[in-house]
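Undergrad: Sequence:
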Amino acid sequence: MIDAEQVLKLPALWDLTVMPKALEEMLSLLDRSSVGAGADIVVDLGAVERFDSAGLAALLELQRRASANGRKLRWQAMPQNLHELARVYGLSQWFAETGQAPSSNHLESWAQQSPSGTSQVPAL
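The opening position of the sequence shown corresponds to residue 1 in the numbering used here, with each subsequent residue numbered one higher.
The reader is advised that the hints may include incorrect statements.
[Stated by the list, open to error] Capping the alpha-carbon separation at 25 Å, the derived lysine-lysine pairs in DSS-like fashion look like this:
#1 K9 / K72
#2 K72 / K21
#3 K21 / K9
Bear in mind the hints are in silico, worked out from the structure with no lab data behind them.
Note that the structure is predicted; figures quoted are calculated from it, not measured.
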């Protein structure tokens with residue numbers, strides 16, 4: 001849910017067993033939130049206990065949707081295991097130490113540096 005302080009709180013279970021329904025609900029909340037264009041939304045991962053690559057892909061999709069709506073996401077209380085999973089997929093820079101979600105330019109830059117030579121962020 002997105003609370004009055006513009007924080008999107010993810011559930012304890014953020015993996016394939018709850019996708020795509022959980023992602024659909026989060027995207028809907030993001031779209032319906034009263035946060036104006038350009039405003040940051042904090043994504044609180046503090047309650048997340050279980051996740052997998054589907055959960056990581058869902059975070060990418062949340063960022064894409066927020067960017068399309070003129071918003072930025074900041075990550076809060078990200079579990080170390082999620083950092084490790086992002087590293088395995090070559091996305092560790094995506095979750096910068098500042099907690100700031102990457103800009104579209106960063107994603108394009110990352111894609112251009114990828115060994116596959118594709119211009120898209122790979123599906124996970």
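Undergrad: Are the hints correct? Go through all of them and say.
TA: Right, here's what the structure says about each hint:
1. K9 / K72: holds (15 Å)
2. K72 / K21: holds (23 Å)
3. K21 / K9: Answer holds: K21 to K9 is near 16 Å, not above 25 Å.
Of the numbered hints listed earlier, not one is contradicted by the structure.
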